[in-house]
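**Student:** The chain contents come next:
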Amino acid sequence: MILQRLALGLLSLLIVSIVIFTAVSMLPGDFASAVLGRSATPETVAAFQQNLGLDQPWPRRYFQWLAGALIGDFGNSFSNRPVSAVIGSRLFNTLKLAALTAMIAVPIAVFLGTICARYRNKPIDRFLSAITLASISLPEFFIAYVLMLFLATKLHIFPTLSSIRGSMDMLEQLHRMALPVLTLMFVTLAHMMRNTRAALIGIMSHPYIEMARLKGEPEMRIILRHALPNAIGPIASVIAINLAYLIAGVVVVEVVFVYPGIGQTMVDAVRNRDVPVVQACALIFAANYIILNLVADLVSIVSNPRLLHPR
Amino acid sequence: MSESSLSASPASAPDRNMVQQIIHALRQAPVTALTGLVIVGIYVVAAVFAPWIAPYGEYEVVSDIPFAPWSEANLLGTDQLGRDFLTRIIYGARNSIGIAFVTTLLAFAIGGFFGIMAAALRGWVDQVFSRLVDAVMSIPDLIFTLLLLAIFGSSVLNLILIIAVLDSTRIFRISRASAMNVVTLDYVEASTARGEGLYWRIVHEILPNILPILISEFGMRFCFVFLVIAALSFLGVGLQPPMAEWGSMVRDNAVLINSGDITPLIPASAIALLTVGVNFVADWLLSKSSGLSNEE
Numbered sequence: 001m002i003l004q005r006l007a008l009g010l011l012s013l014l015i016v017s018i019v020i021f022t023a024v025s026m027l028p029g030d031f032a033s034a035v036l037g038r039s040a041t042p043e044t045v046a047a048f049q050q051n052l053g054l055d056q057p058w059p060r061r062y063f064q065w066l067a068g069a070l071i072g073d074f075g076n077s078f079s080n081r082p083v084s085a086v087i088g089s090r091l092f093n094t095l096k097l098a099a100l101t102a103m104i105a106v107p108i109a110v111f112l113g114t115i116c117a118r119y120r121n122k123p124i125d126r127f128l129s130a131i132t133l134a135s136i137s138l139p140e141f142f143i144a145y146v147l148m149l150f151l152a153t154k155l156h157i158f159p160t161l162s163s164i165r166g167s168m169d170m171l172e173q174l175h176r177m178a179l180p181v182l183t184l185m186f187v188t189l190a191h192m193m194r195n196t197r198a199a200l201i202g203i204m205s206h207p208y209i210e211m212a213r214l215k216g217e218p219e220m221r222i223i224l225r226h227a228l229p230n231a232i233g234p235i236a237s238v239i240a241i242n243l244a245y246l247i248a249g250v251v252v253v254e255v256v257f258v259y260p261g262i263g264q265t266m267v268d269a270v271r272n273r274d275v276p277v278v279q280a281c282a283l284i285f286a287a288n289y290i291i292l293n294l295v296a297d298l299v300s301i302v303s304n305p306r307l308l309h310p311r
Numbered sequence: 001m002s003e004s005s006l007s008a009s010p011a012s013a014p015d016r017n018m019v020q021q022i023i024h025a026l027r028q029a030p031v032t033a034l035t036g037l038v039i040v041g042i043y044v045v046a047a048v049f050a051p052w053i054a055p056y057g058e059y060e061v062v063s064d065i066p067f068a069p070w071s072e073a074n075l076l077g078t079d080q081l082g083r084d085f086l087t088r089i090i091y092g093a094r095n096s097i098g099i100a101f102v103t104t105l106l107a108f109a110i111g112g113f114f115g116i117m118a119a120a121l122r123g124w125v126d127q128v129f130s131r132l133v134d135a136v137m138s139i140p141d142l143i144f145t146l147l148l149l150a151i152f153g154s155s156v157l158n159l160i161l162i163i164a165v166l167d168s169t170r171i172f173r174i175s176r177a178s179a180m181n182v183v184t185l186d187y188v189e190a191s192t193a194r195g196e197g198l199y200w201r202i203v204h205e206i207l208p209n210i211l212p213i214l215i216s217e218f219g220m221r222f223c224f225v226f227l228v229i230a231a232l233s234f235l236g237v238g239l240q241p242p243m244a245e246w247g248s249m250v251r252d253n254a255v256l257i258n259s260g261d262i263t264p265l266i267p268a269s270a271i272a273l274l275t276v277g278v279n280f281v282a283d284w285l286l287s288k289s290s291g292l293s294n295e296e
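These protein sequence lines are chains Z and W, in that order. So in the working numbering, spot 191 of the first sequence is number 191, and the numbers just go up one at a time. So in the working numbering, spot 258 of the second sequence is number 258, and the numbers just go up one at a time.
Just so you know, the hints here were simulated from the structure itself, not pulled from any lab data. Just so we're clear, the structure is a prediction, and the values are computed from it rather than from any experiment. Check the hints yourself; a few may be wrong.
Quick look at which bits of chain Z chain W covers, simulated, 3 or more residues with Cβ under 8 Å [said to hold, decoys possible]:
hint : region
1    : 131-143
2    : 263-271
3    : 281-287
Now the in silico label distances, taken between C-beta atoms and shown as ranges [stated by the list, open to error]:
hint : chain 1 : residue 1 : chain 2 : residue 2 : range
4    : Z       : Leu95     : W       : Val61     : 23 to 33 Å
5    : Z       : Pro82     : W       : Ser71     : 47 to 57 Å
6    : W       : Ala135    : Z       : Leu70     : 36 to 46 Å
For glycine and all other residues, C-beta sits at the position ideal for the given N, C-alpha and C.
Looking at chain W on its own, in the form it has when it is part of the complex (with noise of 0.2 Å):
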């Protein structure tokens, strides 16, 4: 921490702009969380340019020989119909990463949202929204998920937003809590007092105040967004094919483990690397929120 405590003392003047702030805050990033950080970025990376940087297309039958071993043209071999197996990892980047990113902002909006509400209005509204989430929590999620997915099919929209609203019963715990604790401060009943209206408080006064909670937490609940999903697809009800995506791809190639070819443990491994990236950085944004690491 000497190196952090150097760089701190000329930059703590208070006209940085955001940049500054970004890249002084980088500097102070533990070695966790840089490495976390690159992981992240590669990641993104393939997902947004895949058409450009896979060497096929993400349907294309490229040979003949189903399950067909590294070679030239195909880096990673064929997957059990012959398609590219690299190809279908860098797309399946995309669709998982992807969805999963949806799907935790919409857990998000609508956890959020209530929590904030609950604390908010309390009374009644507070009591219900609670005991409703009480009651849905007490069921694990992987089995509410996959009883609501018995009765709706396994569509992607379906998918999304069943996780989605499953999900969001923990972020309106986290948010009800923290709005809980800002409500009662003096500003915010000042604000009141004022005689503004609940919208303008929720905006101005409490999100502000609690964003920072909310945003650190965004990279825990991503990931255990990202596993929910990419186990579902391994059990065959999640994203159906030919939809390329990590969890499947795990499934359909398992059989190669047979011959003791380690290629179905690639994209298990893309899923590992990923949460373990995120959960690095997670981390680090945690400590940083909470103040633990503010040596000052």
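For reference, chain Z alone in the conformation it holds in the complex (with noise of 0.2 Å):
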């Protein structure tokens, strides 16, 4: 059950990187021309081409292409210089931020579902659930400027821009990371707990938590004795989602409070259409993506040894 999950997931990551690949292989005829400006010649279209590979067979392209992201070499960016050197710190600054928003967001967002659970339909629950619901239909970039304007710029408890460098130590580089961390925290709490919150009370209608109540057991410990551990499966799934959400969220936050991050590169690079680094990074998000929800298969099919014997 495990080695099939496993395979799957290494068969989208196959097909992933193909229909990324095969999209830069449709690029429009004119586009050398488009990135090397009007004075370009046919010589040097040719060599650009060349550079790029274009002048190749699809397959061979694809193949090469594949080996070297395997070993972190993406080839050359339109720029010139290596993409792995233009990414590798980067990426490195995004997923500290993504782990560190974690690290805060996912216990915080099962503590508070668990309450909800509890007091299901009380005043707390519906504070929570009507806070919640507003957050999840706000813009990411409204969230961080308010923030910023709060925070920053009235108050001056942090700066408004965590354009953070290796030389800093620990502690600055945290303060500067604050308001990026809450607003991608807002972002993905929000979906945590109401979902938590609904595997909870999906659970609580089992015959085995009438059985717990009617031995006497207090509430809460019925909620986290009896239910917590049955919801596992669910509750994890939710929460890879999210990160892999939060993996990708990071773009706009990133580039709302100018973090040297693999988000913002991504978006420079769309912008200059420099295709090599683009391509890269889509994989590197992609295969996030598809990580994330592997492990939460695994949690769920481990958490539930009932899967591991499928009939």
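Hey, can you piece these two chains together into the complex? The hints should help.
**Tutor:** Right, here's the structure in full:
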């Protein structure tokens, strides 16, 4: 079962890499002249296409690209720097941002979701649900700028820009990352909390919860001991989907706070139409997304041993 | 809900015309849905009558001072090029909503067509389309959109086409799933046995029965498309200047935030308010079409 899921994950990674690569081969014919400008001569266009490998057959280019990508070599960007040099340290920054957000947001989401399930339809549940519903429908940059206005401009607690450098010490970096982390938390927390609540409430209708109640166990213990372990599967998958979303959601937040991450790199590359960089970024984002989903499925298989013995 | 059951008793006669039905439905609607309808209504009016409401022209430079503060002449001040901010917001309603609406319509046309086809034909057609959709959906939307925009360049037409095609994958899933439920029903089989053609079956049997689901889904998808376009414009790769668009207005005037000016937040909250409004209405339609709110 686990092996089957792993193989499936690998297959979808392969398909995604094909999709991303094929998208680039659909380049319109005048692409070279569009990038090189109007002064491009036929010779420079030909050299440009050779540089990109556009004169070689498709499968060969694909396998070369894929083999390179596996060892972290994405070829050269249009500005003639290796893509891995453009992306490298920035990818690390983005992962740092996402990991920090996840470490704070996931426990809070599960905690608040449990509280909501415990006090279902009581004022606290209604209050939290209303807030989360509102924050789901707000665009990220709105939340980001509101936080920036109040916490940075008015109250001067955090800096408005999050341009971190490797030379800064840990505390300084954390201080500068606070606003982007807060914004991302708002965006992901709501979904995770609502789904935790929904998963728990779904479990609460099972007969064994009724049994536990009849035994006279306190409500909080019922939720923590009887319901929560059974809800781990669905909760894990929601968390994974949201973390995957986090990876893509960083794009907007990074641009707002000028955070030197891979999302901003990708947007800059799109604006300059630097295709090799965009391609590499897209592959990294998509691979993250697939791997997180894979992990979520594995967690739910492990947390529910019945899934290990399909009939 | 006591009020709604009161008004429901005399009106349940079968010979009501369309207007009466709509009025009846509105009376029963919850406060949130009515609020949503009012919000959406205001936006639509602003979008349609933009040239008459707006005090200045969309591209008209009215002040020598960029980022002028709020004043009598320019109610919300001016933007980075000295254009009237309020005017740009009103025209922004037209551009943002119009383009998002067209994109969503196109996405429904593509996704709905292939979804129903897959459900009606089944077999290998279904397999091919479904696996293709699976592959596309395994890449995060925003990332895929950025990738395609990098390749094709960001013109309005490209933007509409790319987002419509990517979003149609979700509509494909919804319409395929709901059409699957319908094609197995007796009356569809009866029409097949009568010898009706594929086209007739789709138009007369399948489509009318999944239309309520598609319509209530429309609001949700519109919000999503609208937010994606706003986010892309905010990133500077969506609608290009000098076109007025809320996302890019936030971006162009964002420096004002540092001096404690809330003007850049106005287009952002315009976006937020519209999505909240549409969500309220869509929620209501969704619960109506799934029959949850029908008491009887």
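**Student:** Determine which of the earlier numbered hints do not hold for this structure and return their numbers in increasing order.
**Tutor:** Of the numbered hints, 4 and 6 do not hold.
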